[in-house]
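J.: Each chain is listed here by its residues.
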Amino acid sequence: MKSALQQLLPKLVLAPTTLILVVCVYGFIGWTALLSFTKSRMMPQWDFIGLDQYIKLFDNPRWMVALENLGAFCFFFILICLLLGVVLAIFLDQKIRSEGALRTIYLYPMAVSFIVTGTAWKWILNPGLGIEKLIREIGFQSFEFRWLIDSEMAIYTIVIAAVWQSSGFVMAIFLAGLRGVDESLINAAEIDGAPHYKIYTRVVLPILRPVFFSAIVILLHIAIKSFDLVQSLTGGGPGYSSDMPANFMYTHAFNRAQMGLGAASAMVMLFGILAVIVPYLYSELREKNG
Amino acid sequence: MGTENTSYVQFKDIQKSYDGETLVIKGLNLDVACGEFLTLLGPSGSGKTTCLMMLAGFETATHGEIILDSQAINNVPPHHRDIGMVFQNYALFPHMTVAENLAFPLQVRKIEKTEITRRVQNALEMVQLGQFGNRMPGQLSGGQQQRVAVARALVFEPKLVLMDEPLGALDKQLREQMQYEIKHLHEQLGITIVYVTHDQTEALTMSNRIAVFNDGVIQQLAPPDVLYEKPENAFVAQFIGENNRLLGTLTETTDDTSCSVRLDSGEVIKALPINIGKTGDRSQISLRPERVFINTTAENCTNQVRGAVEELIYHGDHIRARINVCGHDDFIVKVPNSASHSLMQTGESVTLGWQVEDCRALDDLA
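One line per chain: the protein sequences are A and B, in this order.
Going left to right, the first sequence walks through residues 200 to 489 as our numbering numbers them.
Going left to right, the second sequence walks through residues 308 to 673 as our numbering numbers them.
Among the clues, some could well be false.
Derived pair list, reagent style BS3-like, types lysine-lysine, alpha-carbon separation capped at 27 Å [as the list claims (entries may be wrong)]: (1) A:K397 x B:K420; (2) B:K466 x B:K490; (3) A:K397 x B:K466.
Just so you know, these hints were derived from the structure itself, not from any lab.
None of these values were measured; they are calculated from a predicted model.
Just chain A, same shape as in the assembly:
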């Protein structure tokens, strides 16, 4: 009797979580998938129209702008984050004083929500309030920095804010990686005659290849999911010039009574993320088991 209860207990404890997960995550993914094949507008309706919503989606110029923005954002966000993160980590790794304090300062933006980051940077980048006004007040009257209201450049203000928030995190990952590199390897490279920078380019960074890989995957899925930062910084504007797929989905599903189209865009995003995560998980698990 007792042993039967003991066997059951783990399952009982896990049951509520599993139930919530199955219904609220996987259930609603299925629900969304179903909706994406229907004519649903304001409310769900069950007229199945096959792939029509997907065809409409890729004919939609606003969606294509969102995809282009996502591409540009991913590229610059990841590139700059990696560069800054690696450089900061290498600088912090030079046995400097008060490293702990600096590390905390660089990592701290991570503790702030994207909403706060977006709002703060909205003020900083606002030509009438922030950097432009400051520099003009110093005396440079012709200074212009108005990316926020430039439909060509607005997406890059999001890159700036996202880099500010995330590069400290990348630094932390790389710092941990650098600390994990066997010191005798660095000593060996040094006594072999390699100058300081070559120790990093030839020995340390190649050894950290798995860390690059992890950092890229983490940043990529942050990028694809990014919604709140866009919403609070540019609101997708000017016009829809800085829209990203998540904002497109939200706007169409909830504001513009295009639930079917919104669901289709959500599914495309899901597959985008799966395309990144699945190979990563696969290689991670294979490493662990093999």
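Given chain A's structure and the hints, the job is docking chain B onto it.
T.: This is chain B only, laid out in the frame that chain A set:
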């Protein structure tokens, strides 16, 4: 010690402190001759590795001067010192093939490509790994990896090679084999090697001279045979080889070749005065186990004492007998495996004897 023109490496009055309070190296003076194989031997924490790291340039001396090839190198960074080094955990670059590992020191020295290929192949053949250039370090055994590490330290033809417990991670048989290989490489190439180990057998087998470290001070610097047969103080006697010690008080110093020590248990032993104070001071008698004779063979010895056999351990070529002598129950005697040992039984009372010149009166450690 080494005259000015032959010493290749010199430590002059070196002191080292990590925290600014306690000295881990206390006023070290050491000369290494060109082409010498010098071993720094000592227990962990004795300062031997710190010494090596200062020579390599990874640590800076708090005080004093290190001279390499008649140039002060205190302010020369490691990558300009042209010293080869072998690390305990091999320190091979895991993302490069064996050949790329060996090419690395040559590439950073901007040596021509064809020359690099030639030298890498030579170095690989020198350590009998000619066919392994394309392997990754992870695909090699520990012994092979250590050979690659040795080859990498030699490939840019440095005059001085440092080795920091290079054989510590290998099993006993491989370690002994590598000891001979490194010794032969040293003889072939005529390089200077400074070798750090805590393994006294390794030090005795390989070195021209050994510096025994303890507590940041060189206790004795001498060739292996001198170190073993003529230890100058109780620490060296205890650390190198097996040693029996008997504690007592110095009662009389006859001349340079003889003194008398009254043991705590009452017996008076005649010994060689090596490192003793004045009459009445404490002293330690040091005696190698293989220099003690038993029963009939002990009859001609100057020093004779009675003891009880506590334990007999069979070692094949000899028998180790642990005997309770003069109040010490850890007195070891090595009895050659001949007919005589069969006479001994545990618990039996025996006569032990040894000559004056085999037992050395040293300082008292305790």
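J.: All hints are to be evaluated individually against the structure, with a verdict given for each.
T.: We went through each hint and held it up to the structure:
With a C-alpha separation of about 18 Å, the suggested pair K397 of chain A and K420 of chain B falls inside the 27 Å cut-off, and the hint holds. Of the pairs offered as hints, the one joining K466 of chain B and K490 of chain B holds, with about 15 Å between alpha carbons and a cut-off of 27 Å not exceeded. Using a Cα cut-off of 27 Å, the hinted pair K397 of chain A and K466 of chain B holds, with the two alpha carbons roughly 24 Å apart.
The structure shown violates none of the earlier numbered hints.
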